[in-house]
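Start from the sequences, fold in the hints, and give me the full structure.
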Amino acid sequence: MDMRFFEILILCLAFTGAGSAEPPLSPASPLELKTEAELKAWSASQGRTEGEWKRRRYLLDPVLKKKWEIEAQQAFFRNEVTVWVEVHRSATQSAHSPQVVTKGFCAVMDNAIGKTQPITFVVVADTQAVLAHTAVMAYREAYGGAVGGQGWNRRLRGMGTEKPLRVGKEVDAIAGASLSVHALAKGYRKAAWIAQAVCREAL
Amino acid sequence: MTSEVKKQFAWQRIRWTLAGGALLAFATGALAQKDEFFEPKTSLGGYGELHLNYKKTENVAALAPELDFHRFILFLGHQFSPRFSLKAELELEHNFVLDNHGELELEQAYVEYAAYPWLRLQTGVVLANPGLMNEFHEPPLFFSVERPDYHNQILPTTWYGNGAAITGAYRGFEYKANVMEGLNTEKIDSGAGLRGGRQKGYRSKLENALVGLKIDYVGLPGLRGGLSYNRNHLMKNNGKQRFESIDLVEAHAQFEKFGLRATVEGAWIGYSALATKPSYPEQGQGLLFEVGYNVLSMTEFEARLFPWVRYSSLNRAAASGIPALEKKYATQKTEMGLAFFPIPKIAYKTDIGFESVGDPSVETFYWNLGIGYMF
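Same order as they appear, the protein sequences are chains A and B.
Quick note on the working numbering: the first sequence kicks off at 1 and runs consecutively.
Quick note on the working numbering: the second sequence kicks off at 1001 and runs consecutively.
Hints are computed from structural coordinates only; laboratory data are not their basis.
Even for Gly, the Cβ is constructed at its ideal location relative to N, Cα and C.
Keep in mind that the hints are not guaranteed to be accurate.
With a Cα cut of at most 30 Å, we get these calculated DSS-like pairs of lysine-lysine [as the list claims (entries may be wrong)]:
| id | chain 1 | residue 1 | chain 2 | residue 2 |
| --- | --- | --- | --- | --- |
| 1 | A | K67 | B | K1345 |
| 2 | A | K186 | B | K1187 |
| 3 | B | K1034 | A | K54 |
| 4 | A | K67 | B | K1041 |
| 5 | B | K1034 | A | K40 |
| 6 | B | K1345 | B | K1200 |
| 7 | B | K1187 | A | K169 |
| 8 | B | K1187 | A | K65 |
| 9 | A | K34 | B | K1034 |
| 10 | B | K1187 | B | K1056 |
| 11 | B | K1345 | A | K186 |
| 12 | A | K54 | A | K169 |
| 13 | B | K1328 | A | K186 |
| 14 | B | K1257 | A | K169 |
| 15 | A | K34 | A | K54 |
| 16 | B | K1187 | B | K1328 |
| 17 | B | K1345 | A | K65 |
| 18 | B | K1328 | A | K163 |
| 19 | B | K1345 | B | K1055 |
| 20 | A | K186 | A | K163 |
| 21 | A | K163 | B | K1345 |
| 22 | B | K1041 | A | K34 |
| 23 | B | K1034 | A | K186 |
| 24 | A | K67 | A | K169 |
| 25 | A | K65 | B | K1034 |
| 26 | A | K66 | B | K1041 |
| 27 | A | K66 | B | K1345 |
Computed footprint of chain A on chain B; a stretch qualifies when at least three of its residues, placed anywhere within it, have a C-beta under 8 Å from a C-beta of chain A [claimed, not checked]:
| id | stretch |
| --- | --- |
| 28 | 1152-1164 |
| 29 | 1211-1222 |
Rendered as structure tokens:
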């Protein structure tokens, strides 16, 4: 991905306020609560107990959305996604002090269409769009649920998303889950790019 | 109370408990929370394959190669609610249908009720559960131009019929339990195997249902391995009955990692024959080994190119009490080929095969070329 383009765009958005039209935050849905629990469990497993996850709605910029869709060869499910920013606990406790990203991890909950149904997943990535954690939060198809397995997702940790995640190479193939595997390999990349944008904004 | 009556009473309690548990699980599923990402919609999909087939048997004049658009399938799905959906597949075989040429088939048409990821009910025209291919048979999912003979002669892929299935996935395991139309006893023999006995949902008689269960383990990345068992007290066809029952035991495993894909499948069919006739088998057996390697896996290319080899040993009358019959259907086939996937949903394939049926000294040579797609 072209980082220079990305940085210029973020700066433009910051000055024009185009990306700041953030949808109002409604109470957490059951899937968002489930995702928050997943994020907390991941933080605990990494020994990152000093921070907490702050939820936001994130409206995708139309230009950036189109660019990412072309690059990943997959359409976004909706124009907005739920994102979480990992912040210092002390920062959130003070009403007046700004929130500070601890180590720049952000999470994105999005959907990718498998055969016919959306697969809801969460991706944790850093400012370099490197996958730190991925998990399937809701699988709705009759076949191919193995993509929700921890083992399959664990292999993706630490992978960059500049290049496609190729099935049979970076991503393990799963017999009987072919469409879901390809859908998530693309969806995870797109989510990582959003996480990168959110993290950089937050910094 | 005698021990026999006690035993019957205990079984009845177990059955009622299981039925009550299943009903409760489905009911609580219906009351579960709404899905925020649900959108009522209709989906269209499908797959198809064009084949060029050439066959030459020793000492027999070769026929001209044949071009055949073997299958054209349209998939239609509709999501009524977060829990209820319709899935249907309509298949046209060999371009058109006239007299005994071509086939138009409703291979799947079921309403699915998804109570939980581990509990789904499918009702309508459903797929039987045995093997790796019956439920996943789109051309870009297998190497050869034609489906492996194992999935024709031993497992009658595509095996579908009217009935119901309960499926689900839990902690690395997937299962599918079927209760569906049985096989037509009058159409089963050593030449056709189980394949001839499929009722294909055509005004199917439910004298005796096919009951089966498959369990797969998919918890290890790249692996799908499992077992299935199906039993059918066969229907009587106008009072005539060749077999009392069939038992089908089957095991399968596919492992794909580091560019390598290896597949092993094996099945045993036990026939309980009511009479002994030259065409009635007692057992059928099949084995398949296949391995392929993506030679582009070490490069930057997204495309995949698999050279592959396959060996299969099949016999629809592995035991019959008649040695000549057992020998007649003993089939050995060695195949090798190239499968090129420029993108995951398109496949260009070519392969050759050497087959002996009955007499090992008489060999038939096959050459196939094909293109397949899915979407």
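Verification of the supplied hints:
Restraint check for K67 of chain A and K1345 of chain B: the C-alpha separation of about 23 Å stays at or below 30 Å, so the hint holds. About 47 Å separates the Cα atoms of K186 of chain A and K1187 of chain B, which puts this hinted pair outside 30 Å; it is violated. A distance of roughly 24 Å separates the Cα atoms of K1034 of chain B and K54 of chain A; the hinted pair therefore holds under the 30 Å criterion. With a C-alpha separation of about 26 Å, the suggested pair K67 of chain A and K1041 of chain B falls inside the 30 Å cut-off, and the hint holds.
For the proposed pair K1034 of chain B and K40 of chain A, the alpha carbon gap of about 24 Å is at most 30 Å, so the pair holds. Restraint check for K1345 of chain B and K1200 of chain B: the C-alpha separation of about 28 Å stays at or below 30 Å, so the hint holds. With a CA separation close to 46 Å, the supplied pair K1187 of chain B and K169 of chain A exceeds the 30 Å bound. For the hint pairing K1187 of chain B with K65 of chain A, the CA-to-CA distance comes to about 58 Å; that exceeds 30 Å, so the pair is violated.
With a C-alpha separation of about 14 Å, the suggested pair K34 of chain A and K1034 of chain B falls inside the 30 Å cut-off, and the hint holds. For the hint linking K1187 of chain B to K1056 of chain B, the alpha-carbon distance of about 29 Å falls within 30 Å, and the restraint holds. Distance restraint check for K1345 of chain B and K186 of chain A: the Cα-Cα separation of roughly 14 Å lies within the 30 Å cut-off, and the hinted pair is therefore satisfied. Proximity of K54 of chain A to K169 of chain A is assessed by CA-CA distance (about 34 Å); at most 30 Å being required, the pair is judged violated.
Only pairs whose Cα atoms come within 30 Å are accepted, and K1328 of chain B paired with K186 of chain A is rejected, the gap being roughly 51 Å. Taking the CA atoms of K1257 of chain B and K169 of chain A, the gap is near 8 Å; set against the 30 Å cutoff, the hint holds. Of the pairs offered as hints, the one joining K34 of chain A and K54 of chain A holds, with about 14 Å between alpha carbons and a cut-off of 30 Å not exceeded. Taking the CA atoms of K1187 of chain B and K1328 of chain B, the gap is about 19 Å. The hint holds against a cut of 30 Å.
Of the supplied pair hints, the one linking K1345 of chain B and K65 of chain A holds, its CA atoms being roughly 25 Å apart against a limit of 30 Å. Restraint check for K1328 of chain B and K163 of chain A: the C-alpha separation of about 55 Å exceeds 30 Å, so the hint is violated. For the hint pairing K1345 of chain B with K1055 of chain B, the CA-to-CA distance comes to about 28 Å; that is within 30 Å, so the pair holds. With a C-alpha separation of about 10 Å, the suggested pairing of K186 of chain A with K163 of chain A holds against the 30 Å cut-off.
With a CA separation close to 20 Å, the supplied pair K163 of chain A and K1345 of chain B stays within the 30 Å bound. A threshold of 30 Å between alpha carbons decides the hint, and for K1041 of chain B with K34 of chain A the separation of about 26 Å falls inside it, so the pair holds. For the proposed pair K1034 of chain B and K186 of chain A, the alpha carbon gap of about 27 Å is at most 30 Å, so the pair holds. Straight-line distance between C-alpha atoms of K67 of chain A and K169 of chain A comes to about 25 Å, which keeps the hinted pair within the 30 Å bound.
Between the alpha carbons of K65 of chain A and K1034 of chain B the distance comes to roughly 28 Å, so the proposed pair stays at or under 30 Å and holds. Under the criterion of a C-alpha separation no larger than 30 Å, the hint pairing K66 of chain A with K1041 of chain B is consistent with the structure, at around 23 Å. A distance of roughly 23 Å separates the Cα atoms of K66 of chain A and K1345 of chain B; the hinted pair therefore holds under the 30 Å criterion. Residue count for the stretch 1152-1164 of chain B with a Cβ under 8 Å from a Cβ of chain A: 0. That is fewer than the three needed, and the coverage hint is violated.
By the rule of at least three residues with a Cβ nearer than 8 Å to a Cβ of chain A, the coverage given for the stretch 1211-1222 of chain B holds, with 6 such residues.
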